[in-house]
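*Asks:* Residues per chain are reported as follows:
2 protein chains.
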Amino acid sequence: MTKTIDELETPCVLVDFDIAEANIDRFQSYCDEVDLKSRPHIKTHKIPKLAARQAAAGGVGITCQKISEAEVMVDAGIDDILITYNIVGKPKVAKLRALADRCTLSVVADNDVVIKGLSEGFADRAVPLPVLVECDTGAGRCGVQTPERAASLARMINGFPGIRFEGLMTYPASGTLEDQHVVNDWLRRAKDIIEAEGLACTRVSSGGSPNMWRAHESPVVTEHRAGTYVYNDRSLMEKGVCDASDCALTVLATIISCPTDSRAIIDAGSKVLTSDLLGLQGYGYVYEAPDAQISELSEEHGTLDLSASNWRPAVGDRVRIIPNHCCVVSNTADTVWELRGDEVIGAEPVAARGKVL
Amino acid sequence: MTKTIDELETPCVLVDFDIAEANIDRFQSYCDEVDLKSRPHIKTHKIPKLAARQAAAGGVGITCQKISEAEVMVDAGIDDILITYNIVGKPKVAKLRALADRCTLSVVADNDVVIKGLSEGFADRAVPLPVLVECDTGAGRCGVQTPERAASLARMINGFPGIRFEGLMTYPASGTLEDQHVVNDWLRRAKDIIEAEGLACTRVSSGGSPNMWRAHESPVVTEHRAGTYVYNDRSLMEKGVCDASDCALTVLATIISCPTDSRAIIDAGSKVLTSDLLGLQGYGYVYEAPDAQISELSEEHGTLDLSASNWRPAVGDRVRIIPNHCCVVSNTADTVWELRGDEVIGAEPVAARGKVL
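Protein chains in written order, with this note's numbering: chain A, 20 to 376; chain B, 20 to 376.
Any copy will do: because identical chains look the same in the list, a pair fits if it lies in one copy or spans two.
Mimicking DSS-like on lysine-lysine, the simulated pairs with C-alpha atoms at most 30 Å apart in a straight line are: (1) Lys-135 x Lys-109; (2) Lys-22 x Lys-114; (3) Lys-114 x Lys-68; (4) Lys-22 x Lys-68; (5) Lys-22 x Lys-109; (6) Lys-56 x Lys-114; (7) Lys-68 x Lys-258; (8) Lys-22 x Lys-135.
Just so you know, the hints here were simulated from the structure itself, not pulled from any lab data.
Sequences and hints are given; from them, build the entire structure.
*Replies:* Okay, here's the thing in structure tokens:
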């Protein structure tokens, strides 16, 4: 006998797998249509079952940010992984090598220390490790700063044993139409320089969910890494990328106090919703009252400011919240409740939660 | 053979137990001096061993925010617990009752729905459950809004079977000298009204770390619940409550990229440091370069803005960071490394991590 949502203790994280699967299939169809490879980033769900579903839909593999996440996914049978992270230090490179023996693995680098470290760890390996050069095309995080430097690292990679240059990788800025062109021009220049030197640059990997429906506007890109799209969240709603009905992950919470006429307190705080604002006002979208603002969070309390809303809840009422940023919410929960519509199928472990190494 | 910090993989959370124990003892001495009971809030460390150390130092018991946290602590032998949270719904009240059979338990309420629910669950119990009325003395979270309403709920509690009124509880506002007087006046009025009606109000519980050295300025208060003080953090440093050398919890991270002269990237992002700003600029205090600002966090990357600093790290260098808010950092980690100075004693499970029910 299955449970209903009403029987679940709060606060808890709900994932409607019907919605998640529809999100996976919709983006895969788009990728198929525009002849782009899809390599979903599992940081959003951290659940092997959903990674397998993304592969089954037609993805060429998955993306992980950390080796420890990738280990969880390989343990569960995923066989093609790109780790989009500079791997630093001998212990981590040793783990990477062990992982490379268990799946089709590729990795990135944006500096010579990382390249030398990878080569030392893989030097005596029969099959060299494919390495992509990470490029900063405007996001201002990791990545080489110029196409010329990308070419120089490509040469360096091919000059070291145990590794080989395979292509370019970027995590782009916000995803406006202009950004898509900037990203494309940047990567195109780098690829042209590299190929003019006689090196093959067979793979160009970009990513992001805000810009995912515009991925075809960067034609140099061969594969796209979307993460958040599997669940969607309030940040993507605000950007017009999805509607509330496309959001698979919600937080179920209970009203525990109504201290004043315009203030209600829920039992979900920053330990569940997290403090991620992503530039938004308030900490989530309340289904039952979209004009109520989650104005403050402490660790176990959320404050609903009702001054702009006619909605007046009672102690014991429940609300469902679309968080600002679903990926970090996944990282708070040991398990999520798998839903299909109103039916609770069971508790699904978030197997790669907390994997930061 | 013990490890050194240099052998630890990053990112990871370090807790210097020497510093934590000194923090515990210093505040306990203060409480003894001003004749105040100490009931530390375990939300900061979530570790039974440290809860036991707080009790051994002279605390009258501990404070938990959620039943699931209290269950972990009772399992580990802690025997006196105040849960400072409105318990809503039959399943939770049933768990509370089971817990009450295993330790000296008290709880709070700020509304009649909670009071009736507690009474229903405890009605046939020989020994009634002590209940404190939660008062909003200025923090604007939970709590009754007036001393008169506190008195009315005190009467209501004593009118229901299975529960008895024991006193008042507040989580005060920021902790200025003025606030201490406001809190004291508020609680004093409520206690006077309640006692004038012939009810005993034997316990008045306040809390907070920012104001902990001023607790004696609210003489009506009989017990103080400090949480953050056990570790301290950047928010308390900024308030002048502690120095960097009093901070027991730090995050160890590695420089993984130096994309520009004024930008370095560390392998700790919001999955470790969290996005809690607590009104501060930047996401932590970097020991090695206090003038470097952790200007941006994504999930696995932290961006160090070095434009105001002369410090120039290299890829592979390590930094130790005092986070803005140590309590939420504890909630990200399955284990922390127990340090004594530079020596790594071992991995300590954060047994009550993620306990939100």
